[in-house]
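Participant: Chain L is fixed; fit chains P, F, D, A, B, U, Y, C and H onto it per the hints.
Number of protein chains: 10
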Amino acid sequence: MLFKVEMTVNIPLDMPKDVADKIKADEKAYSQKLQAQGKWRHIWRVAGSYANVSIFDVESNEELHNLLNGLPLYPYMTISVAPLCRHPSSIHNDDR
Amino acid sequence: MLFKVEMTVNIPLDMPKDVADKIKADEKAYSQKLQAQGKWRHIWRVAGSYANVSIFDVESNEELHNLLNGLPLYPYMTISVAPLCRHPSSIHNDDR
Amino acid sequence: MLFKVEMTVNIPLDMPKDVADKIKADEKAYSQKLQAQGKWRHIWRVAGSYANVSIFDVESNEELHNLLNGLPLYPYMTISVAPLCRHPSSIHNDDR
Amino acid sequence: MLFKVEMTVNIPLDMPKDVADKIKADEKAYSQKLQAQGKWRHIWRVAGSYANVSIFDVESNEELHNLLNGLPLYPYMTISVAPLCRHPSSIHNDDR
Amino acid sequence: MLFKVEMTVNIPLDMPKDVADKIKADEKAYSQKLQAQGKWRHIWRVAGSYANVSIFDVESNEELHNLLNGLPLYPYMTISVAPLCRHPSSIHNDDR
Amino acid sequence: MLFKVEMTVNIPLDMPKDVADKIKADEKAYSQKLQAQGKWRHIWRVAGSYANVSIFDVESNEELHNLLNGLPLYPYMTISVAPLCRHPSSIHNDDR
Amino acid sequence: MLFKVEMTVNIPLDMPKDVADKIKADEKAYSQKLQAQGKWRHIWRVAGSYANVSIFDVESNEELHNLLNGLPLYPYMTISVAPLCRHPSSIHNDDR
Amino acid sequence: MLFKVEMTVNIPLDMPKDVADKIKADEKAYSQKLQAQGKWRHIWRVAGSYANVSIFDVESNEELHNLLNGLPLYPYMTISVAPLCRHPSSIHNDDR
Amino acid sequence: MLFKVEMTVNIPLDMPKDVADKIKADEKAYSQKLQAQGKWRHIWRVAGSYANVSIFDVESNEELHNLLNGLPLYPYMTISVAPLCRHPSSIHNDDR
Amino acid sequence: MLFKVEMTVNIPLDMPKDVADKIKADEKAYSQKLQAQGKWRHIWRVAGSYANVSIFDVESNEELHNLLNGLPLYPYMTISVAPLCRHPSSIHNDDR
Numbered sequence: 001m002l003f004k005v006e007m008t009v010n011i012p013l014d015m016p017k018d019v020a021d022k023i024k025a026d027e028k029a030y031s032q033k034l035q036a037q038g039k040w041r042h043i044w045r046v047a048g049s050y051a052n053v054s055i056f057d058v059e060s061n062e063e064l065h066n067l068l069n070g071l072p073l074y075p076y077m078t079i080s081v082a083p084l085c086r087h088p089s090s091i092h093n094d095d096r
Numbered sequence: 001m002l003f004k005v006e007m008t009v010n011i012p013l014d015m016p017k018d019v020a021d022k023i024k025a026d027e028k029a030y031s032q033k034l035q036a037q038g039k040w041r042h043i044w045r046v047a048g049s050y051a052n053v054s055i056f057d058v059e060s061n062e063e064l065h066n067l068l069n070g071l072p073l074y075p076y077m078t079i080s081v082a083p084l085c086r087h088p089s090s091i092h093n094d095d096r
Numbered sequence: 001m002l003f004k005v006e007m008t009v010n011i012p013l014d015m016p017k018d019v020a021d022k023i024k025a026d027e028k029a030y031s032q033k034l035q036a037q038g039k040w041r042h043i044w045r046v047a048g049s050y051a052n053v054s055i056f057d058v059e060s061n062e063e064l065h066n067l068l069n070g071l072p073l074y075p076y077m078t079i080s081v082a083p084l085c086r087h088p089s090s091i092h093n094d095d096r
Numbered sequence: 001m002l003f004k005v006e007m008t009v010n011i012p013l014d015m016p017k018d019v020a021d022k023i024k025a026d027e028k029a030y031s032q033k034l035q036a037q038g039k040w041r042h043i044w045r046v047a048g049s050y051a052n053v054s055i056f057d058v059e060s061n062e063e064l065h066n067l068l069n070g071l072p073l074y075p076y077m078t079i080s081v082a083p084l085c086r087h088p089s090s091i092h093n094d095d096r
Numbered sequence: 001m002l003f004k005v006e007m008t009v010n011i012p013l014d015m016p017k018d019v020a021d022k023i024k025a026d027e028k029a030y031s032q033k034l035q036a037q038g039k040w041r042h043i044w045r046v047a048g049s050y051a052n053v054s055i056f057d058v059e060s061n062e063e064l065h066n067l068l069n070g071l072p073l074y075p076y077m078t079i080s081v082a083p084l085c086r087h088p089s090s091i092h093n094d095d096r
Numbered sequence: 001m002l003f004k005v006e007m008t009v010n011i012p013l014d015m016p017k018d019v020a021d022k023i024k025a026d027e028k029a030y031s032q033k034l035q036a037q038g039k040w041r042h043i044w045r046v047a048g049s050y051a052n053v054s055i056f057d058v059e060s061n062e063e064l065h066n067l068l069n070g071l072p073l074y075p076y077m078t079i080s081v082a083p084l085c086r087h088p089s090s091i092h093n094d095d096r
Numbered sequence: 001m002l003f004k005v006e007m008t009v010n011i012p013l014d015m016p017k018d019v020a021d022k023i024k025a026d027e028k029a030y031s032q033k034l035q036a037q038g039k040w041r042h043i044w045r046v047a048g049s050y051a052n053v054s055i056f057d058v059e060s061n062e063e064l065h066n067l068l069n070g071l072p073l074y075p076y077m078t079i080s081v082a083p084l085c086r087h088p089s090s091i092h093n094d095d096r
Numbered sequence: 001m002l003f004k005v006e007m008t009v010n011i012p013l014d015m016p017k018d019v020a021d022k023i024k025a026d027e028k029a030y031s032q033k034l035q036a037q038g039k040w041r042h043i044w045r046v047a048g049s050y051a052n053v054s055i056f057d058v059e060s061n062e063e064l065h066n067l068l069n070g071l072p073l074y075p076y077m078t079i080s081v082a083p084l085c086r087h088p089s090s091i092h093n094d095d096r
Numbered sequence: 001m002l003f004k005v006e007m008t009v010n011i012p013l014d015m016p017k018d019v020a021d022k023i024k025a026d027e028k029a030y031s032q033k034l035q036a037q038g039k040w041r042h043i044w045r046v047a048g049s050y051a052n053v054s055i056f057d058v059e060s061n062e063e064l065h066n067l068l069n070g071l072p073l074y075p076y077m078t079i080s081v082a083p084l085c086r087h088p089s090s091i092h093n094d095d096r
Numbered sequence: 001m002l003f004k005v006e007m008t009v010n011i012p013l014d015m016p017k018d019v020a021d022k023i024k025a026d027e028k029a030y031s032q033k034l035q036a037q038g039k040w041r042h043i044w045r046v047a048g049s050y051a052n053v054s055i056f057d058v059e060s061n062e063e064l065h066n067l068l069n070g071l072p073l074y075p076y077m078t079i080s081v082a083p084l085c086r087h088p089s090s091i092h093n094d095d096r
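Residue numbers (UniProt numbering), protein chains in the order written: chain L, 1 to 96; chain P, 1 to 96; chain F, 1 to 96; chain D, 1 to 96; chain A, 1 to 96; chain B, 1 to 96; chain U, 1 to 96; chain Y, 1 to 96; chain C, 1 to 96; chain H, 1 to 96.
So here's chain L without its partners, still in its complex pose (with noise of 0.2 Å):
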């Protein structure tokens, strides 16, 4: 099941260097993680913004939001959800 996930970024100003680069790097892992997984099927940036729009894959709402919950970066997240479904216009398989 799809969803469009859409994350906008704010980290603290204040907030350390090495402390931001370690989250930053946690999350890349972890979402490279999810991505191998499927489940975070596409990850795009907005070009000009700290922000990203992604589809992700989950068999629920519940799953959905563990996921995100876990994100190292999500205190600093605003984050906002689409259920997606299958378009009667789509000729690819698998965009359910």
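Calculated directly from the structure, the hints in this document are not laboratory data.
The C-beta atom is built at its ideal place from N, Cα and C for all residues, glycine as well.
Some hints could be false.
Pulled a few chain D residues facing chain F out of the computed Cβ check, cut under 8 Å [as the list claims (entries may be wrong)]:
hint: 1; residue: LYS22
hint: 2; residue: SER31
hint: 3; residue: GLN32
hint: 4; residue: HIS42
hint: 5; residue: ILE43
hint: 6; residue: TRP44
hint: 7; residue: CYS85
hint: 8; residue: HIS92
Facilitator: Below, chains P, F, D, A, B, U, Y, C and H alone, put in the same frame as chain L:
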């Protein structure tokens, strides 16, 4: 080059059904042609709305505009566009 | 899987009363059938508005969209959807 | 009498973890007590947010305010309230 | 129990004057009856707008909705509702 | 002359409790003095928020501003003001 | 007593030109009469919009409402009102 | 050339009083000098807010920006600017 | 003097095609004349919208308003205006 | 390919002046280098705000993001991006 395009459709309530159906059929054909060409990479329905989230893959802003401007449903659409680019965490080769 | 769905209805002022009444009757029957099936778990009227707050219990985003898309009043509705999941404080067994 | 209450929590990033955990524990106990009493009828997590959608069942606006005002997390919350009443299509006996 | 209700009226420009005047007269009679009963405690005109700020005194959300739903101008109104309760600083006995 | 004034209070979370309590006590005394003078006609708590809806009865905009500007909690408030006047449907003698 | 009043005009596109011109002429005469009386102190056009920023000088909210309500273009206007008072830095004698 | 400029001031709550008073005094002197020069034509206080509505009379956008940029309170202000021009109904000779 | 002007066009769906085409042709001629005069310095299409971002170079707000007010498509436009001036970092001689 | 980029700068009030000045100097040098390369085609100051309207000329969304992301003031900016393309009415050869 990728763009997120969100389209919300508002067909006038007093449009004769056959006219509306014809436009929708044209829209579907138009969309599927572009999907087949790889221009319209993804199209998902937003659950609960007459709206979609799409990812376009085009060579330029100009091409994006012309493709959107040519949509049969274009006059009845509210469209938002966000330029995307590769996310540093992305493991997908082709998520330019 | 639960979704909060808020529906605001705007029936055109110039719609003949009998046509409007017929659609509303169909809407009521459609809603009550889904409530009986457990799909439409809760429906409350927002005091002072021609709007409702509803909780749907469905298997997927797809099912949610099809149920909403099938509402007789759908063309006259503004709909917002929020995916819900079990709250860690909830003591209700069935508030998945 | 039912009210939809949506609560979004913003705990200051610099609050010590133990302090935050204590408040969250108090909040959970407070909430579960009210749920047990039937005052806090439903509480669901909004997937992707530190927010909940709740349905309160109280005797008056006054009681609603006092219950919300007493939330340990109250100072860190943005709250919206909508008064609900029985929907003419509802088949649920107790969805006053 | 008190509610703040703000009503903004948008009568279609093409409504015949006599029809509009009839509805307005019905609205005035309906409002004054409720004021006399103490249900509609206060009604003030917002200077510069075809809108009012009102304070309703009712037994329940249900009663509030039915009173508002019965307004002759209801179909032409945008309504916002806020539940009120006694302010700890209030010296007025009856400002429940 | 009547004005609707809505005040939302945001006291900094790191303000010492005794300091906050002192300001709140001053605010209450200040408000009750104005209520006794008839300047502050009504004050109601908005259920679920640290906010109030008030009706002021003053001789001029100037007086309104000075009364609001003098509120001990003024620096911590977001205030909206709407000028009111007698509604043609009002049956209350003194709802000028 | 001074008020800032901003008026945006939306005349229906299908209004016959002569009807519109008549209303506009009445509006101009009405406005110039009030300007001559000193009630309508200032009126400026907002560059690029069919809107104006005006300063009214009236005795009460009531008078302001009646003056605005009497505008021939009133039914086609969106109006915002802000009560003004003398600024402590003002050196203009008459900027009450 | 006239501009409507609306300024809302948000002085940090933790700014020492004497520092704030000094900036406010500088602001007043700066404003009164420009008023005396005819650059700052009008300044009114918005009742209930730490904000003003002003009318500037300048030769160019550049001059407007430099005057605003030079305000001692500029770093603590939210400013909106609207270019004005003579209204066709204005009877005031100098309301260019 | 430069202004950023953003124009969004909403031509009524029921306007006969030939009428619309005539207005658009007039608009194009009008625009190109002003561009040739250097008044309308830049005009770009916003990709995906029937809207443009333009830079006007005029002597005064008055001139800007008259040029915009004269647009054949003016009645069907939503327009926002922002006064611009030279940026301290600009290396372009003529970006007054 | 052209993009409209609007940047609003909010430098923390407690940032030491010399630190701020250094960043601003770096920003100016960075901007002027890109302007010289033709990447940053236009930059104008919005009168009355610490904000600019810019036109970037880049090969891709990726390049745009990297240029913006590299701005010394980037962490203190709110940025909006709109993809532009040639307007059918434009007479300027190079307003691609």
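Participant: Any hints from earlier that this structure breaks? Give me their numbers in increasing order, please.
Facilitator: 1
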